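Colleague: Sequence:
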Amino acid sequence: MSHPHHLVVLVGPTASGKTAVAVEAARRLNCGVEIVSADSRQVRREMVIGTAAPTKTELAAVPHHAVATVTPDAPYAVVDWLVEARAALDSIWSRGGLPLLVGGTGQYVWALLDGWSMPAVEPDVALRAEFEAYAGEHGADALHARLGALDPASATRIDARNIRRVVRALEVVTVTGAPVPALEPRDPGFTWGGVGLQWERAPLHARADARVVAMFEAGLVAEARGLTERYGRGFPALSSIGYREALAVLDGTLSEAEAVRQTQIATHRLIRMQAAWFRLDDPRIEWVPGGDIAAAVGAVERAARPPVP
Numbered sequence: 002m003s004h005p006h007h008l009v010v011l012v013g014p015t016a017s018g019k020t021a022v023a024v025e026a027a028r029r030l031n032c033g034v035e036i037v038s039a040d041s042r043q044v045r046r047e048m049v050i051g052t053a054a055p056t057k058t059e060l061a062a063v064p065h066h067a068v069a070t071v072t073p074d075a076p077y078a079v080v081d082w083l084v085e086a087r088a089a090l091d092s093i094w095s096r097g098g099l100p101l102l103v104g105g106t107g108q109y110v111w112a113l114l115d116g117w118s119m120p121a122v123e124p125d126v127a128l129r130a131e132f133e134a135y136a137g138e139h140g141a142d143a144l145h146a147r148l149g150a151l152d153p154a155s156a157t158r159i160d161a162r163n164i165r166r167v168v169r170a171l172e173v174v175t176v177t178g179a180p181v182p183a184l185e186p187r188d189p190g191f192t193w194g195g196v197g198l199q200w201e202r203a204p205l206h207a208r209a210d211a212r213v214v215a216m217f218e219a220g221l222v223a224e225a226r227g228l229t230e231r232y233g234r235g236f237p238a239l240s241s242i243g244y245r246e247a248l249a250v251l252d253g254t255l256s257e258a259e260a261v262r263q264t265q266i267a268t269h270r271l272i273r274m275q276a277a278w279f280r281l282d283d284p285r286i287e288w289v290p291g292g293d294i295a296a297a298v299g300a301v302e303r304a305a306r307p308p309v310p
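Taking the numbering used here, the leading residue of the sequence shown gets 2, the next gets one more, and so forth.
Simulated from the structure, these hints should not be mistaken for laboratory data.
Predicted model only: the values in this text are computed from it and were never measured.
From the three backbone atoms N, C-alpha and C, an ideal C-beta is built for every residue, glycine too.
Be a bit skeptical, because a hint or two may be false.
DEER-style ranges, computed between Cβ atoms [what the hints assert, rightly or not]:
#1 D142 <-> G292: 27 to 33 angstroms
#2 A296 <-> V176: 29 to 35 angstroms
#3 A207 <-> L151: 44 to 50 angstroms
#4 P308 <-> A215: 35 to 41 angstroms
#5 E302 <-> E131: 47 to 53 angstroms
#6 R202 <-> L251: 18 to 24 angstroms
#7 V176 <-> A141: 26 to 32 angstroms
#8 D142 <-> A296: 45 to 51 angstroms
#9 A215 <-> P310: 34 to 40 angstroms
#10 V71 <-> R29: 17 to 23 angstroms
Derived pair list, reagent style SDA-like, types lysine to any residue, alpha-carbon separation capped at 25 angstroms [said to hold, decoys possible]:
#11 K57 <-> A219
#12 K57 <-> T72
#13 K57 <-> C32
#14 K57 <-> H6
#15 K57 <-> D188
#16 K57 <-> E25
#17 K57 <-> G227
Given only the sequences and the hints, what does the whole structure look like? Please build it.
Modeller: Printed below as a string of structure tokens:
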């Protein structure tokens, strides 16, 4: 299907070097490239160190969207990101620019590219707290069973261990009184070219491990302390990788060295999860060596050319 608008997608696991490639590609292309972030944590303000947010230099080099746009404790789901991302795309296209979608949050990326239609149900903090408390008292399987009783199809699609998704599904079903619609791929209303940064597991883990060390050396524990002083401890973003370990240092339950190692292990786990979202056999993505910036930039340049109708 022919569309008037086109974008480029740059994906890859955490620590694969996406931001550096994106900034260099924007400089090389010189066609009004603007970056739209698809990162579920970099959307938060004041969470800079632990999210490996773009630096001030990188932000100044290329316009960025969906970066540091909401407070750390604000409710924010994939549907909120879709609204923000689509508004950014329309704005960039209206100026004749080229959007470059960059990120490793697979749910965000495919929600946009596959044209997911998601129920626009506002987060209900009290309802979520009720479901989370139920899971805490009775266990994840019991909470999942509640979803199965109300929406068997959603329960089949959602892993019981993914409590956050189970809670969100229960929230939607409770508020709307209807099952959560299946997220079937649809025409997103634009064309796109995809590039992925590929690394062998050992060097990628080494890069991720070094970045974790750098985060703690840069003051991740102090950043976590400041967040708790301003917003308390009750917001979900503070339980994400790095921050939960930094809180354990503040509580005295982990030494900083132990926190670093646990963060590294959790990051390795995240990398494995990201590999499930972005598969090497996906024909829509051109995979290039992550350590070869020239090759990666060249792939982005090729992806910037809209398909011939």
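Colleague: It remains to establish, for every hint, whether it holds in the given structure.
Modeller: These are the hints, each one checked on the structure:
At about 43 angstroms, the beta-carbon gap between D142 and G292 misses the expected band of 27 to 33 angstroms. Against the hinted window of 29 to 35 angstroms, the Cβ-Cβ separation of A296 and V176 comes to about 47 angstroms, which falls outside the hint. For the hinted restraint 44 to 50 angstroms between A207 and L151, the CB-CB distance of approximately 45 angstroms keeps it satisfied. Restraint check, P308 to A215: a C-beta distance of roughly 40 angstroms satisfies the suggested window 35 to 41 angstroms.
Under the hint 47 to 53 angstroms, the C-beta atoms of E302 and E131, about 51 angstroms apart, fit the expected range. Checking the proposed 18 to 24 angstroms range against R202 and L251 shows it is violated: the Cβ atoms sit about 32 angstroms from each other. For the pair V176 and A141, the beta carbons lie near 22 angstroms from each other, so the given range of 26 to 32 angstroms is not met. In this structure, D142 and A296 meet the distance hint of 45 to 51 angstroms, their C-beta atoms being roughly 46 angstroms apart.
At roughly 47 angstroms, the beta carbons of A215 and P310 sit outside the given window of 34 to 40 angstroms. V71 and R29 have their C-beta atoms about 31 angstroms apart, which leaves the hinted 17 to 23 angstroms range violated. Of the pairs offered as hints, the one joining K57 and A219 holds, with about 15 angstroms between alpha carbons and a cut-off of 25 angstroms not exceeded. In summary, the hint linking K57 to T72 is supported, as the alpha carbons are separated by about 19 angstroms, within the 25 angstroms threshold.
For the hint pairing K57 with C32, the CA-to-CA distance comes to about 22 angstroms; that is within 25 angstroms, so the pair holds. The suggested pairing of K57 with H6 is violated, with an alpha-carbon distance near 29 angstroms, which exceeds 25 angstroms. Distance hint between K57 and D188 is unfulfilled; the C-alpha atoms sit about 36 angstroms from each other, more than 25 angstroms. Pair hint K57 plus E25 holds up; C-alpha atoms about 15 angstroms apart against a cutoff of 25 angstroms.
Taking the CA atoms of K57 and G227, the gap is near 20 angstroms; set against the 25 angstroms cutoff, the hint holds.
Checked against the numbered hints above, the structure violates hints 1, 2, 6, 7, 9, 10, 14 and 15; every other hint is satisfied.
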